[in-house]
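2 protein chains.
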Amino acid sequence: MKLSDIGEFGFIDRIARNYPAGDASILKGIGDDTAVIPFSGNSVILLTTDQLIEGFHFCLDTIDGRKLGWKALAVNLSDIAAMGGTPIGFVLSLGIPAERTSVKFLDNFYQGLYWLGNKMGVELLGGDTSEGGERFIINISLLGKACKDKVVYRDGGQDEDDLYVTGRLGDAALGLKLVEAGGKQKFAGKLLDRHLTPMPRIREGKLLAERKVANAMIDISDGLLADLNHILVQSKIGAEIELSRLPLSKEFQVRAGEYTDNPLSLALGGGEDYELLFSVSSDKRGEVARLSRELTCPLTRIGRLSRHINGVVLKDENGRTKKAAPVGYDHFKTLKDLQKEK
Amino acid sequence: MKLSDIGEFGFIDRIARNYPAGDASILKGIGDDTAVIPFSGNSVILLTTDQLIEGFHFCLDTIDGRKLGWKALAVNLSDIAAMGGTPIGFVLSLGIPAERTSVKFLDNFYQGLYWLGNKMGVELLGGDTSEGGERFIINISLLGKACKDKVVYRDGGQDEDDLYVTGRLGDAALGLKLVEAGGKQKFAGKLLDRHLTPMPRIREGKLLAERKVANAMIDISDGLLADLNHILVQSKIGAEIELSRLPLSKEFQVRAGEYTDNPLSLALGGGEDYELLFSVSSDKRGEVARLSRELTCPLTRIGRLSRHINGVVLKDENGRTKKAAPVGYDHFKTLKDLQKEK
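Protein chains in written order, with our numbering: chain A, 150 to 491; chain B, 150 to 491.
No lab work stands behind these hints: they were computed from the structure.
A few of these clues could be false.
[What the hints assert, rightly or not] Result set (DSS-like, lysine-lysine): computed pairs, CA atoms no more than 25 Å apart in a straight line: (1) A:Lys-294 / B:Lys-297; (2) A:Lys-326 / A:Lys-253; (3) B:Lys-299 / A:Lys-294; (4) B:Lys-151 / A:Lys-253.
Based on the provided sequences and hints, a complete structural model is requested.
This is the structure in structure tokens:
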């Protein structure tokens, strides 16, 4: 049996089954945005890791060193944000094709890391560099901290919770389509930046956790439906999404139609938005609205959780509903997924 | 300027210069075996990361999944050992060539991780998997802890300290030569295991730190002389090594001569022994001897540190001395190094 037969999520399930968190001292092992490890008193350590491989996660033709450094750190910061934690610092491994990589490119890469790290108060703590062969390989592991009783997990979703997202959906996926089309057109820069230099929602995640607003939370890296599915499976619940409520940027509304017959599918299934998806008890709508103003960040109610729904139901503006198949980016099944989508 | 022009250590120096540990709350950033981050009270967090890339760090023809899993974790554990810390758990990133990687191989890999993790009390906390392309890519980041005032750094070496190593030197490098020669001969298995499944010196490092025996410590991953050089640079001191004191296994003594005219060069320069190199005040020789018995682990005095020596001096059994050029494995300068060694 080849790995491509069981796919990424099948493989992760297999590992989680075979190696359950055995040590009672570890609060969360495999299966949330970060690991959560009690350290002392009410403090917990958060640890997350993300790997970016040239040709699969980025393409050196379309991203410069600075943006690549930014993005490599951003995707990790987004995981800490999704737990409501505070990032501390990170270690970095690089596999570098030494013969074709310029020191200038690497300097830019570190500058991008440093820019975002500085903004977010995190520091480069150490790392490992070696020859990478054919591909530029980046691995960042990011350390964070939180209060034990304020961490927000994926499994905290409650019946009739409202579902919210930060920011806008689909811009990153549309940005990628623009890159692929070689686009220099209107809004291309802005949408591209949403793809290349996402701003992790650290402040948003922290306030949602500290004020005990969010019951369940995850970051949207694989696409809204795919990441929502993780909350649903772990919270043992279903959800309804109101399509007319999905927050779409002006740029998205103007440009998406040129690249797809179904712009909503980009907002529902396109990955790499790095927004936060979270559930909140419906009696806290006022609190969420106040928080949105305080953060100057859109927090948009897009649906609800329900014990009476199995999986995800999509409701259109006319109130018609249909079942959604959870679709995400499976690294080991990409071709099959693409064929399915067609 | 290509990366291959400045080499791995030149590159690391450049990064450490450009991005010095800025946050006063971090005790050690780049430049020791692990990062050391104060957490609460007298506790510090240790964090280290190591990347293994197929074709550069291992070859799938000569290592099975179980041993590869073991080794990937062992090299990280060795870094925690070198600080005198206690490992807690790790996150794992895999880049997997999905079409040619069997689920059986991956199961074996995780089994190897699990075996050693179990022995050392550390747990898989999470990770990231994706398509790797041409090469199998492994990255582990290992979390540990220690008491703030007991951590042993590379920069603690004192004038006239004795220099010690745990275990034996050169076996791993000889094991690699045997692998390359396709050897099934006498002791091949034992030497190969020293290369493929090194046993990290967690217990040894911990006791050396807790009892405040070691002043400076590092693990030997790049070779005795290369790693000694890190202690010397950071402690601003020189060293004398007594060649007749280098601890060589019986197997090494029997077999090394077949593969090299200069077996001592394997013990001095061969990497991947994952033993600990540490310095101790010379009035503690009795204490080290007792510790060696308690640990049932050879702790061999191989030389001394001295403010009056510049770099490293090698002393042979007749008392003749010569200067050693520090030689290590530089991932970006491999070819040049090899040519220099010839």
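Agreement of B:Lys-299 and A:Lys-294 with the hint, judged by alpha carbon distance not exceeding 25 Å: Holds. B:Lys-299 to A:Lys-294 sits at ~23 Å (cutoff 25 Å).
Holds or violated: B:Lys-151 to A:Lys-253, with C-alpha atoms at most 25 Å apart: holds (8 Å)
Proposed proximity, A:Lys-253 with A:Lys-326 (alpha carbon, max 25 Å): violated (28 Å)
Pair hint outcome, A:Lys-294 versus B:Lys-297 [Cα-Cα no greater than 25 Å]: With Cα atoms ~18 Å apart, A:Lys-294 and B:Lys-297 stay inside 25 Å; holds.
When each numbered hint is compared with the structure, a violation occurs for hint 2 only.
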